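A.B. asks: Sequence:
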Amino acid sequence: MADTSIEWTDATWNPVAGCTVLTAGCTNCYAMRMAARLEAMGLEKYEGLTRKSGGRAVWTGNIRLDRKSLGAPRTWTKPRKVFVNSMSDLFHPKVPKAFILRVWEVMKDTPRHTYQILTKRPEIMAEVLSDRRFTVLPNVWLGTSVEDARVLGRLDALRAVPAVIRFVSFEPLIGSVASGDLTDIHWAIVGGESGPRSREMKPEWVDEIEAICRRSGTAFFFKQWGGKNKKAAGRLLRGRTYDELPALSI
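First residue of the sequence shown? That's 0 in numbering that gives the first Met the number 0, and the numbers climb one at a time after it.
Keep in mind that the hints were calculated from the coordinates and are not lab data.
Relax, there's no trap hidden among the hints.
Here are the simulated EDC-like cross-link-like pairs (lysine to aspartate or glutamate), alpha carbons at most 16 Å apart as the crow flies:
no.: 1; residue 1: K77; residue 2: D2
no.: 2; residue 1: K96; residue 2: D65
no.: 3; residue 1: K93; residue 2: E126
no.: 4; residue 1: K230; residue 2: E6
no.: 5; residue 1: K80; residue 2: D2
no.: 6; residue 1: K229; residue 2: E199
no.: 7; residue 1: K96; residue 2: E126
no.: 8; residue 1: K96; residue 2: E122
no.: 9; residue 1: K80; residue 2: D9
no.: 10; residue 1: K201; residue 2: D147
no.: 11; residue 1: K80; residue 2: E6
no.: 12; residue 1: K67; residue 2: E43
no.: 13; residue 1: K67; residue 2: E104
no.: 14; residue 1: K229; residue 2: E6
None of the values given here were measured: they were computed from a predicted structure.
Make a model of the complete structure from these sequences and hints.
C.D. replies: Structure, rendered in structure tokens:
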């Protein structure tokens with residue numbers, strides 16, 4: 000477990016490491032940079048997960064299962080919101096269903112924690128969770144990432160996922176998603192890209208998402224403006240913060 004500065008969660012848990020660049024939202028993935036840094040520090044878990052391309056770290060497509068970390072949440076006595084696999088995607092096609100089931104069993108055995116799982120592959124998530132061995136857990140929130148209108152179909156796939164809370168991360172938001180449908184999506188996180196190669200997020204794109212949230216009854220969380228210096232840009236929207244969370248009674 001690692002405490003984190005990510006505004007919408009308390010800690011990260013990474014039983015899987017490594018991923019594959021999939022769509023435009025992956026181009027400047029912070030996890031690729033972090034994995035390369037951790038490998039340079041000598042952490043075996045991240046060895047061979049990235050390669051240098053165009054002066055930056057890029058995923059190789061290799062996946063590493065970290066069985067030693069599976070039991071970690073059982074040792075945390077204080078309830079936490081836990082972002083699962085901030086350094087990977089639990090529903091990457093190379094992650095065996097049997098391993099996902101072991102992750103599920105840990106989450107089931109630790110109801111004091113709230114687990115937040117994000118994937119760019121919600122169609123795989125829906126398929127895997129259709130297996131009757133995967134029960135709907137009240138402490139597990141399931142979500143997908145959407146960076147622009149080209150991948151809005153992920154929202155339809157997410158709606159097919161059995162979950163008490165479904166959420167979407169519009170981060171990095173690199174295009175308008177004004178035509179998005181948030182029906183049966185309980186929470187929306189919005190954030191601009193950060194880092195040295197960050198792409199612009201236009202204010203009107205944020206306003207469009209908030210308007211959709213108000214129409215659909217979706218909780219709206221504004222994470223950051225991003226940019227090369229995300230701390231300087233801050234996270235105020237029209238002079239205030241938006242830290243809404245989904246209603247747990249849904």
